[in-house]
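A.B. asks: These are the residues of each chain, in order.
2 protein chains.
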Amino acid sequence: MSVADKIKISIDNSSWIRKMFEEGLRRKEKYGADNVFDFSIGNPNLEPPARFKEVLVDLLKDPQPGNHGYMPNAGFENTRQALAEYLNRTNRPQFTAEEIIMTPGASAGCNVVFKTILNPGDEVIIPAPYFFEYNPWIENHQGVPRIVSTRPDFQLDCEAISEAITEATRAVLINSPNNPSGKVYTEAEIAELAAVLRHHGEKLGRPIYIVSDEPYRKIVYDGISVPSIFDAYDESLVISSFSKALSLPGERIGYVAVNPNLTDKDMMLQGLVLSIRVLGYTCAPALMQRAVAQLLDESVDVSFYKKNRDMLVEGLLSYGYDARVPEGAFYLFPRTPIEDDVAFVKALQEENILTVPGKGFAAPGHFRISYCVSPKTVEGALPGFERVINKFRT
Amino acid sequence: MSVADKIKISIDNSSWIRKMFEEGLRRKEKYGADNVFDFSIGNPNLEPPARFKEVLVDLLKDPQPGNHGYMPNAGFENTRQALAEYLNRTNRPQFTAEEIIMTPGASAGCNVVFKTILNPGDEVIIPAPYFFEYNPWIENHQGVPRIVSTRPDFQLDCEAISEAITEATRAVLINSPNNPSGKVYTEAEIAELAAVLRHHGEKLGRPIYIVSDEPYRKIVYDGISVPSIFDAYDESLVISSFSKALSLPGERIGYVAVNPNLTDKDMMLQGLVLSIRVLGYTCAPALMQRAVAQLLDESVDVSFYKKNRDMLVEGLLSYGYDARVPEGAFYLFPRTPIEDDVAFVKALQEENILTVPGKGFAAPGHFRISYCVSPKTVEGALPGFERVINKFRT
Numbered sequence: 006m007s008v009a010d011k012i013k014i015s016i017d018n019s020s021w022i023r024k025m026f027e028e029g030l031r032r033k034e035k036y037g038a039d040n041v042f043d044f045s046i047g048n049p050n051l052e053p054p055a056r057f058k059e060v061l062v063d064l065l066k067d068p069q070p071g072n073h074g075y076m077p078n079a080g081f082e083n084t085r086q087a088l089a090e091y092l093n094r095t096n097r098p099q100f101t102a103e104e105i106i107m108t109p110g111a112s113a114g115c116n117v118v119f120k121t122i123l124n125p126g127d128e129v130i131i132p133a134p135y136f137f138e139y140n141p142w143i144e145n146h147q148g149v150p151r152i153v154s155t156r157p158d159f160q161l162d163c164e165a166i167s168e169a170i171t172e173a174t175r176a177v178l179i180n181s182p183n184n185p186s187g188k189v190y191t192e193a194e195i196a197e198l199a200a201v202l203r204h205h206g207e208k209l210g211r212p213i214y215i216v217s218d219e220p221y222r223k224i225v226y227d228g229i230s231v232p233s234i235f236d237a238y239d240e241s242l243v244i245s246s247f248s249k250a251l252s253l254p255g256e257r258i259g260y261v262a263v264n265p266n267l268t269d270k271d272m273m274l275q276g277l278v279l280s281i282r283v284l285g286y287t288c289a290p291a292l293m294q295r296a297v298a299q300l301l302d303e304s305v306d307v308s309f310y311k312k313n314r315d316m317l318v319e320g321l322l323s324y325g326y327d328a329r330v331p332e333g334a335f336y337l338f339p340r341t342p343i344e345d346d347v348a349f350v351k352a353l354q355e356e357n358i359l360t361v362p363g364k365g366f367a368a369p370g371h372f373r374i375s376y377c378v379s380p381k382t383v384e385g386a387l388p389g390f391e392r393v394i395n396k397f398r399t
Numbered sequence: 006m007s008v009a010d011k012i013k014i015s016i017d018n019s020s021w022i023r024k025m026f027e028e029g030l031r032r033k034e035k036y037g038a039d040n041v042f043d044f045s046i047g048n049p050n051l052e053p054p055a056r057f058k059e060v061l062v063d064l065l066k067d068p069q070p071g072n073h074g075y076m077p078n079a080g081f082e083n084t085r086q087a088l089a090e091y092l093n094r095t096n097r098p099q100f101t102a103e104e105i106i107m108t109p110g111a112s113a114g115c116n117v118v119f120k121t122i123l124n125p126g127d128e129v130i131i132p133a134p135y136f137f138e139y140n141p142w143i144e145n146h147q148g149v150p151r152i153v154s155t156r157p158d159f160q161l162d163c164e165a166i167s168e169a170i171t172e173a174t175r176a177v178l179i180n181s182p183n184n185p186s187g188k189v190y191t192e193a194e195i196a197e198l199a200a201v202l203r204h205h206g207e208k209l210g211r212p213i214y215i216v217s218d219e220p221y222r223k224i225v226y227d228g229i230s231v232p233s234i235f236d237a238y239d240e241s242l243v244i245s246s247f248s249k250a251l252s253l254p255g256e257r258i259g260y261v262a263v264n265p266n267l268t269d270k271d272m273m274l275q276g277l278v279l280s281i282r283v284l285g286y287t288c289a290p291a292l293m294q295r296a297v298a299q300l301l302d303e304s305v306d307v308s309f310y311k312k313n314r315d316m317l318v319e320g321l322l323s324y325g326y327d328a329r330v331p332e333g334a335f336y337l338f339p340r341t342p343i344e345d346d347v348a349f350v351k352a353l354q355e356e357n358i359l360t361v362p363g364k365g366f367a368a369p370g371h372f373r374i375s376y377c378v379s380p381k382t383v384e385g386a387l388p389g390f391e392r393v394i395n396k397f398r399t
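Top line first, the protein sequences correspond to chains E and Y.
Just so we're aligned, residue 6 is where the first sequence starts under the numbering used here, counting upward by one.
Just so we're aligned, residue 6 is where the second sequence starts under the numbering used here, counting upward by one.
Only chain E is shown next, with the shape it has when bound in the complex (with noise of 0.2 Å):
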């Protein structure tokens, strides 16, 4: 066998989603891409902002010497400087350029950090429904995964989590809005969490870590904002990247902060830069850290998702779907009218409306719907959405 054995398992799980994401194409390919209503994956349908072109083109018009060279591993100095400034703005821990770490994407940082702060058989805490890539994440550098449910609100349940806290434990991995279920965890949830495990960092002589990945943090809905995890708790690191708020997820740009305040904060700096050298990152895009220094307060308009989610919110619970109305992110997470999630999904494709079954988030019995799609892709599965809750209703 040309691949290793644990290689040959990821393929084979993998192959359902594969089956169905060939069975899209096989649609697409009879049916006309227009007529197969694909609501699979979050890949946003909006271009990135107008001032994304302008400012690459300015720095291609003025090169600097050595604006496509090697940087430090940790990124350019000044775009970690306004990323600084820029945090320091809605953040009470104050900022400097050394607690920035470019990455390329959040995808990046969050092996970054599991490579930094796991040791082998250590487990980190996620709470369900999650996105499905953080296992691999975690176990790329031999930790555990340990999936904690949330409530049936999508609510943390700290006393689930205190509950699963072990020796082992080195962090919890929350993801605020959340994939898939665009939960925004409260100010008073993230207080409860914190306390919880301050209580149990005493206990075990050392901190444990909240891993705040935020890559939906400028995606948010009706006037809410997504509360500072770095104000509520000091042992915290925070991964972010731009692919959501500019809409530029095929570049890689992201960064990792780490809380001012967090204990033997030098060594995890020293750790990381580390990590991105040996994981074979090496460094963030040099074209694309410069791009974004410029664009922290851009964003691309919030508005079109929020159009998407309301008319389908609108049209799914006045077809007696059970969904909650989500705060955050381009995902909606219905419960599925029939327990198995995978078949009700299959009903949805016969519809040719394309969604992912709850099952590869740790949430059966729910489907997700990515409606980072064009307004006319949404309209026009309305009717089908319809159809297929009809056909199950007894």
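I should point out that these hints are in silico values taken from the structure, not numbers from a laboratory.
Careful, some of the hints might be misleading.
When chains are identical, the list treats them as one kind, so a pair holds in a single copy or across two.
To be verified - List of simulated lysine-lysine pairs, PhoX-like, C-alpha gap at most 25 Å: (1) 35 / 66; (2) 270 / 24; (3) 270 / 223; (4) 11 / 270; (5) 208 / 13; (6) 223 / 381.
Use these hints to put chain Y onto chain E, whose structure you have.
C.D. replies: Frame of chain E; chain Y shown alone:
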């Protein structure tokens, strides 16, 4: 402690490199950057070819929707197709887009390959001297580097490689043109290596791969060209990068090419694509993928490096240094006139000349001069090189 035990050890181990680096910075501050001759790192002094910027500006002027969005993890189809056609001009096996996987640089390419092929404990044979980052890139995936010395002129020692092969051997990792020696392995050396691996592969009942890391393929001198690994050996993967050929190491763009004749190739390709995802690379940066597709025949002006090489070789040989003339890359790897290479490198540092001890490349008794620098740096350093060797002359 905030970091994992292994990370702490790596931080401690790399502290001597950091100390040297900091000493260099201190000297630059004290004596002025122009009076410190920094040959310590491989950050090309040359800017990318003019055409690179033209292509980028054109791509931004005429944006295609999704230009900055996600694409399949393996990369944009048209970039992969362009690379396949490019490779078909100089290799006998004929490629399709499918056999080309875009990666964020060669460092990512190495990690993607090792993640895909290594079971825990599997061994990778590396001829020394070699680029020191290969160790973590293999160990990240629970592999074990097996270092085998080359002959005194840096020729592959295929007998020693043959003796080092065990049940656990999964691959031989070569790097040609070589960092740090500048050696280009000849067709005869590659043919001998291929014969050895075919022989052992038959005995083991499975292939032993050649993984060829070739970021310096275009940086060669005196009309030499780098022989095709694909022509010589079916069970081969080549890792490449545009970092050196186009002088844009900060942009992280490269690829893995899989021999079209590799056994069980489809599984290998699926494994590589999966590894890009599970390692958190996600994809190679989108805009750079579009750009390099139009720049496959471009290269930095290699004569710039050649002048530096010639000036250095002429000077150093005339002072009595023992150095082999490198055929490629931009490194010179002379013997140190005293056994202790760290002590010798420190003596050069006293002359404000920054180099790296051979110890870091598993070749003590040598030192590496990275000559991708301004010709003024070479000129300015020559008298210091002469003074230091004279100091140690008995």
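A.B. asks: So, for every hint listed, does it hold in this structure?
C.D. replies: Hints, verified against the model:
1. 35 / 66: Neither. Shortest intra-copy (46 Å) and inter-copy (34 Å) distances fail the 25 Å Cα cut-off.
2. 270 / 24: Between copies, since 20 Å is at most 25 Å while 45 Å is not.
3. 270 / 223: neither (27 Å within a copy, 42 Å between copies)
4. 11 / 270: Classified as between: cross-chain Cα gap 17 Å, same-chain 35 Å, threshold 25 Å.
5. 208 / 13: Result: close only across copies, 24 Å inter versus 41 Å intra.
6. 223 / 381: Only inside one copy: residue 223 and residue 381 sit 24 Å apart there, 49 Å across copies, limit 25 Å.
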